[in-house]
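Student: Read off the chains here:
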Amino acid sequence: MKRKCQDYESRLPDNTAVKQQQLPAFRLQLTASEILSGFFAIGLFCLGMGIILLLSAKSIKEVEGNVYLYYKLYGFYQNLYRYILSRSNIQLVGADVKDVRNCAPFRTSDNGLPIAPCGAIANSMFNDTIVLWYNFNSSTHIRVPMVRTETAWWTDKYVKFQNPAFQNLSSAFAGTAKPPNWPKPVYELDEKDPGNNGFINDDFIVWMRTAAFPNFKKLYRRLHRIGNFTEGLPAGSYSFIINYNFPVSRFQGQKAVVLSTLTWSGGSSLFLALAYLVTGAVTLLASFSMMALHLKLKERKTFFLQ
Amino acid sequence: MEREPAAAAEEPGPPGRRRRREGRMRTVCSNLQPPPGAEEPAGKGAPRRRLRGGAQHLADNRLKTTKYTLLSFLPKNLFEQFHRLANVYFVFIALLNFVPAVNAFQPGLALAPVLFILAVTAFKDLWEDYSRHRSDHEINHLGCLVFSREEEQYVNRFWKEIRVGDFVRLRCNETIPADILLLSSSDPDGLCHIETANLDGETNLKRRQVVRGFSELVSDLVSEFNPLTFTSIIECEKPNNDLTRFRGCIIHDNGKKAGLYKENLLLRGCTLRNTEAVVGIVIYAGHETKALLNNSGPRYKRSRLEKQMNCDVLWCVLLLICMSLFSAIGHGLWVQRYQEKKSLFDVPESDGTSLSPVPAAVYSFLTMIIVLQVLIPISLYVSIEIVKVCQVYFINQDIELYDEETDSQLQCRALNITEDLGQIQYIFSDKTGTLTENKMVFRRCTVSGIEYSHDANAQRLARYQEADSEEEEVVPRGGSLPLRGGTGGHPSARAAHQSQSSRAHRRTGSRAEARRVSMLTELTAFSSPMEKDVTPDPKLLEKVHECGRCLASARHQEHPLDHLSPELSDIFDFFIALTICNTVVVTSPDQPRQKVRVRFELKSPVKTIEDFLRRFTPSRLTLGGSSVGSASMAAKSAPKASLLSTLANDGALLRLEERLGPGAPRLASNGYSSAADNWAAEQSAMGPEPGPELRYEAESPDEAALVHAARAYSCALVGRLHDQVSVELPHLGRLTFELLHTLGFDSIRKRMSVVIRHPLTDEINVYTKGADSVVMDLLLPCSTDDARGRHQMKIRSKTQNYLNLYAVEGLRTLCIAKRVLSKEEYACWLQSHLEAESAVDNREELLFQSAIRLETNLHLLGATGIEDRLQDGVPETIAKLRQAGLQIWVLTGDKQETAVNIAHACKLLDHDEEVITLNAESQEACEALLDQCLRYVQSRSPQRTAGSLSVGFAPLCPPSEATASGPSLVIDGRSLAYALQKNLEDKFLFLAKQCRSVLCCRSTPLQKSMVVKLVRSKLKAMTLAIGDGANDVSMIQVADVGVGISGQEGMQAVMASDFAVPKFRYLERLLIVHGHWCYSRLANMVLYFFYKNTMFVGLLFWFQFYCGFSASAMIDQWYLIFFNLLFSSLPQLVTGVLDKDVPADVLLAEPQLYRSGQNMEEYRPRTFWLNMADAAFQSLVCFFIPYLAYYDSDTDIFTWGTPITAVALFTFLLHLGIETKTWTWLNWTACGFSVVLFFTVALIYNASCATCYPPSNPYWTMQTLMGDPVFYSICLLAPVAALLPRLFFKALQGTLFPTPLQLGRQLAKRSPGKFRAPRETSAQGHIPEEARTKLPGQRSVSVARSVSRDCSSQVSQGTWQPACSPEAGGEPSAVDMGMPWREGTLPDRLDSQPSRSSSPGPVAVEGCPGGSRMKPMSASRPAPLPSVFSVPGLSSLNWMSSLSLVSGLGSVLQFSRSSLPMDKRDSDFLPGSAQPDQDLCDLSGQTTDCF
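So the sequence lines, in the order shown, correspond to chains Z and S. Residues in the first sequence are numbered from 1 upward in steps of one, following UniProt numbering. Residues in the second sequence are numbered from 1 upward in steps of one, following UniProt numbering.
One chain only, chain Z, in its complex shape (with noise of 0.2 angstroms):
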């Protein structure tokens, strides 16, 4: 009986926090009166960021500092399902040139050789020219000094795309096709500067970050700032040489080239800051609707506690 004494254990819950769902809260109330104030908060505080973005977007000057051409396509989609998979990263990384496996229907050419770069991405790759031909007066005519590398990640320049390790560019792509749209092979992409040639040919690389929607603009050339050019494009008249390749009214697209700027806050877009705009500007009207009815229903709310 002793024995059975101690034996017996309470089965009584532990009476902490947790177990008994005391723990302390906090407590949201979705009423006008309580989110009130955090209303007011988030209008003013989309109103502020919206000034900020609308200021700063509104102190690009245009053609100044650091100039971008970018070739910008309507219609094309680089986004379809089917044409985001033909690619062979291993290929591009420079691992195995005569790796594929995942570019078809591009993976070998018509004599059974295996198409480097493979896919479809690579094979409508762009591929105008485009020279910017600054108009100094009627005769002179300078060619806008360009930069065509670091147009691309820094990381896809150095780390997702390499060449195969060869002395020889051509040699490390024997056996290769070129894919079928190419006017030449991909060692003959830059062959004034072997840092930009090959898979790491910025053009290229660019070209293979599939854009997110049909219309769209990438990047082409940097201005090179020296001379005339130092504080970017100055005011005058211009002229774009374009060597015109790459068909886009087969599909109804269209072609632009544009020249910008960018700032701390992307592009010259002035949506986000509109957008953060209307956001501030509606959370500022629905909180002075909701204090009006707060107001109002002040004197009310003894009547429906009771």
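Heads up, a few of these hints could be off.
Computed footprint of chain S on chain Z; a stretch qualifies when at least three of its residues, placed anywhere within it, have a C-beta under 8 angstroms from a C-beta of chain S [as the list claims (entries may be wrong)]:
id	region
1	93–102
2	198–211
Taking lysine-lysine pairs in the DSBU-like style, the calculated list, with each CA pair at most 30 angstroms apart, reads [to be verified]:
id	chain 1	residue 1	chain 2	residue 2
3	Z	19	S	1309
4	S	64	S	301
5	S	124	Z	19
6	Z	184	S	342
7	S	1290	Z	298
8	S	1290	Z	296
9	S	342	Z	178
10	S	67	S	238
11	Z	296	S	1309
Simulated from the structure, these hints should not be mistaken for lab results. Glycine residues also receive a C-beta, built at the ideal position from the N, C-alpha and C atoms.
Let chain Z serve as the given structure and place chain S on it in line with the hints.
Tutor: Here is chain S on its own, set in the frame of chain Z:
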């Protein structure tokens, strides 16, 4: 079992015939016998070989409840998991990815979530299986004594080594390892007792008997059973799960057969009690034991919410198909548009041709299904399961659902219907044991037509109502109290000693021990002091003593009973019947569970009288050994021959027995003469010499109550053996009745009887105790001619009147009757009865018939009224549940009057409300009545609907009057049977629906379940059935939610239930708090799940408009697949488990809030679609803000998709933030964890591999983005913009049209402390009770002093006196003086006053400025004291005491309440339950003012 009846007597049949029977039978023989053939006679060899062969495939005793082995785990578990359709669907989708033309994800990756889910489930199963394995292992390695042939003694073996046919020796308090046939017991009567608590929860002892006819053959001489000599063969049924049945026979070597019954079998899992040691042979082992065959796992039900959810999942599937179809058509058109263009981005087939639109569309369709599969939430089911497990855990852990008295908490047996608790509309309740305590207390009785009202007893009970029973033991009893120590008030040395010893016992024990002892008492027998002590009625007591005196003086004469007047004779018989007409086992508390074995020859002080009696009526019982042998046996047992020969000429009985021939079971079979003596000696040495306090262990509480009542009249049951009952009588000393038969209680006969031989008259008497409706019909028809007959008639009609009176008082009535049998009559009946007993086929039926033959022509002795007390808090609980909008039906088997009375007591019926009573004798009458009632109800319905409309919005005010105005319906079982007919059930239901409460009396278990089924199917309502007994099982199983009360009537109801509560009152918290929480949590979580997935899929879908519907996704597939599973799952789980939309105290104070669950306000189709629309809107915002922000930029598809993912995550978390009502640190942590996890995973993932994870190849994406201010501005703007409308509308709605839940929330926030206060007092409920342990008189004095000190100027000592004088004096009249109101007037005044009660309040407070100073004197709930403050009416004080200012006064007032007569208490003080509401209104009024 279809077995030839002749088989019992015949020799072993031919082998062919036996084999035929083998299919249904199991044969068992001793394992100790050497292999066949050796030294055995050829004749026996044949069956034995067969038996050996049969024994080989019998299960051993190893317990294996595990489902899997190491090898079978994977296939078996997978097979089980694929029973769930969702899993099959997800695997199908994952496998679709292996088809190259349509794959959307990397095939391996797509399988990951499915595998993850499967793995989680598999791991859970594995863990469960492992814990089962461990417990199995533990059980398998328990030890027990098994006889070993090699060592020729009992050796210790593991349980798992026991085999069928082994001999097992069990000692006291050991658990029985297998189903064992009892062959030998240390008990001289061949009995042993077992406790079946593990099996069915019944804690009373059950008697088991050594195999009849076997014991003589095997162990007539040896004191210890020798298994080696066991050569018999046992035939019995195949293993089955029927605990109440066991049949078979044992075939001895000489070809004799004896039947085996349930009484011979010890079941696995039971505990041996009260018996030193037993030996038995294992019949069923391991999984073939009845205990394990009965063991079914937890039940699985599908909740209503889950059904609705599944329906919405189907909608999601439809939506998914629509989206995919839309996308497919779009893609087809897109392909057609560009087909001829040979555009550069076109990806042709391998053969160079472009894909034609139709196959492209088909492929796109399939790919879209894969991409958008997230719409069907893969983790939904797993999450819901997790949440439910946690909810169940928290319900189990709730300290306020813990019952201290029984040390039990709420048990959730069904894991997946927790949220159904929040949606119940109808409660079907049993009465006995559910609403009432099922603790029977003797209240009053009528004997021979004279009523004894036991007023003192009623007062005593009123006191118990106040003082908790367990505390009683610490209190030294005050002299002024009426004696309640059983026989303590009478000049009997024994009794005085008894009370002395019991008092000593009480004094020595510390409080803790006292509590434990009382708990033990509670567990072992139904005898709390309240039930044990009965204050006898002085008149009746006097008569009993007179009766005893008469008998004592007349006992030496021929017919002692004839000297008594008929009335006294009836009284004498009445008490004899109360004492012995039962199956109560007597034990002593000092030696728990040790049967008191008092050998009266050795110890009885009236030895000489006994001797005299023996001489006078040579009963063999007085020989003590109770050894009866038949002639055939006597011949065999030489040493006993002389004894038996003297016995042989004992009386007619014995001769009759002999006439019945050899082989027939004897009347009292016992062959233990020598063993018995040994045991007796031992027992007497062990037994405490001075009469110990006896404890009665009864199978039903009624029996115990009656025995205790009889004991109060000095008719104490002191010993019960198998065949004799000893009774201690006043003046007569100990009388021993030879117990010839006990015809047990059954629910069809509704009565039980004992057949005894009266020691004084040597007559054979039948005492019958049973329901009045039955017994009154069985009385001896008496002629109206002679005076005696007329007198009898008068007595009967008087008794019937009193019975009706008792029923009106809500007492359970039993009639006691007697029949004197002549020897011839008895012999005649006995013959048929013995035939019935020995029958193998439908033995029960025959025994039933036999019992009916005996119980006729009875002579009515009297009737008893036993009170079945209401459980604590039942009226309050019912009131709350009603307020919560639950309709409560009581379905009971009790009489209409009793049921109606209990219904009044528990406030189910109000005194001033209309009650429609339906008692129809025929179908037509029933129909007519129903029509009439319907017309009546409809005639008054217009005002009702108007009333209910007016309450539409008043959630914080006292309960609407409209609900109270409906009539109540009372229907008896017979009418119910008619009403449940097909053509009437609609009318009945319609009527019942209009009624405020429905009471079905005299209903059978089947009717109960039919009613529940009817309501469930016809009204489409959620039903809950609560009950405690076996008769409620069918109802519990039929209802949506079955609740069992783990009370005293066994565990059947609990076994069948989904939830088991210790008391009815816990239902309130279970439903109103936990039910509501579970429902609201789960509903919100499910809605959130749908929202989340729709919103996420929406993002993907909008993108299709910009990618030619080509099914490409801008979100990296890793994010896509793991988003639901990892990044956004934890916060919602935490919210789903922990969120409390309204705190418990508000829910309890405002039960109306429960209605939101009933009306499915949180999750109904409208909310679902609104939710989906909101999801669509949010996805639009979250898609187009990033889209426009990155429009006309040089971003690439996956760099653009990552901010979208982040935006989605933030939106989800903020949305959850809006939906979460309580923010604990766990919520914050979970949300923080989600964000951190996402960014960590993204950063690691994006840095891990430069060439992997096509097509996204996201190397350094996140890193780049995190350097981009646009990313941050989007992450800030999009979630805010997406959630603004929702927040705004929620706030508007919360301000303008708040739901009751929102109001409750606001209230909780504004006045948090005011709700906590009452809860704290209830949590510390035991503290005030402890305060009550002080002697009432003392306490009143001390309080009076404090009152006088505190506000002596206002309240004089004199005014106080009237109130406390009843306490000290115990005079009922003084109570009346103190209370200005009487029974009749009080309810009316209470009903009329609460609304206009405010004015006297301030007066009262002003009257005693010291009131605030009295605060520290904390005590329990405040109650009024009219005599101190002369305030008219109770309700005003109610109001007053609701102010915290006077809570101190309340404690003073407490007392006058306790001095109320007990029966007034239930009805009169209930209005206090309305107090919280009133309270709340006041508080809310105040808070508003403050605000």
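Student: Between residue 184/Z and residue 342/S, is the straight-line Cα distance small enough, at 30 angstroms or below?
Tutor: holds (21 angstroms)
Student: Taken at face value, is the distance from the CA of residue 1309/S to the CA of residue 296/Z at most 30 angstroms?
Tutor: holds (22 angstroms)
Student: Assess, step by step, whether the Cα of residue 67/S is no farther than 30 angstroms from the Cα of residue 238/S, and give holds or violated.
Tutor: holds (24 angstroms)
Student: Just to be careful, I want the Cα atoms of residue 64/S and residue 301/S compared with a cutoff of 30 angstroms; is the pair within it?
Tutor: holds (26 angstroms)
Student: Would you check the hint for residue 19/Z and residue 1309/S, treating anything up to 30 angstroms between C-alpha atoms as holding?
Tutor: Given pair residue 19/Z, residue 1309/S holds - Cα atoms ~22 angstroms apart, limit 30 angstroms.
Student: Given the hint that residue 342/S pairs with residue 178/Z, does the C-alpha gap stay at or below 30 angstroms?
Tutor: holds (20 angstroms)
Student: Under 8 angstroms between beta-carbons, do enough residues of the region 198–211 of chain Z, three at least, approach chain S for the coverage claim to hold?
Tutor: holds (count 4)
Student: Quick check: do three or more residues in the region 93–102 of chain Z have a beta carbon closer than 8 angstroms to a beta carbon of chain S?
Tutor: Since three or more residues must qualify, the claim that chain S covers the region 93–102 of chain Z holds, with 3 doing so at under 8 angstroms.
Student: Checking one constraint from the list: CA of residue 124/S to CA of residue 19/Z, max 30 angstroms. Satisfied?
Tutor: holds (22 angstroms)
Student: Compare the distance between the alpha carbons of residue 1290/S and residue 298/Z with 30 angstroms, and conclude whether the hinted pair is satisfied.
Tutor: holds (18 angstroms)
Student: Please work out if residue 1290/S and residue 296/Z have their alpha carbons no farther apart than 30 angstroms.
Tutor: Holds - the C-alpha atoms of residue 296/Z and residue 1290/S are around 18 angstroms apart, at most 30 angstroms.
Comparing the model with each numbered hint stated earlier shows that all of them hold.
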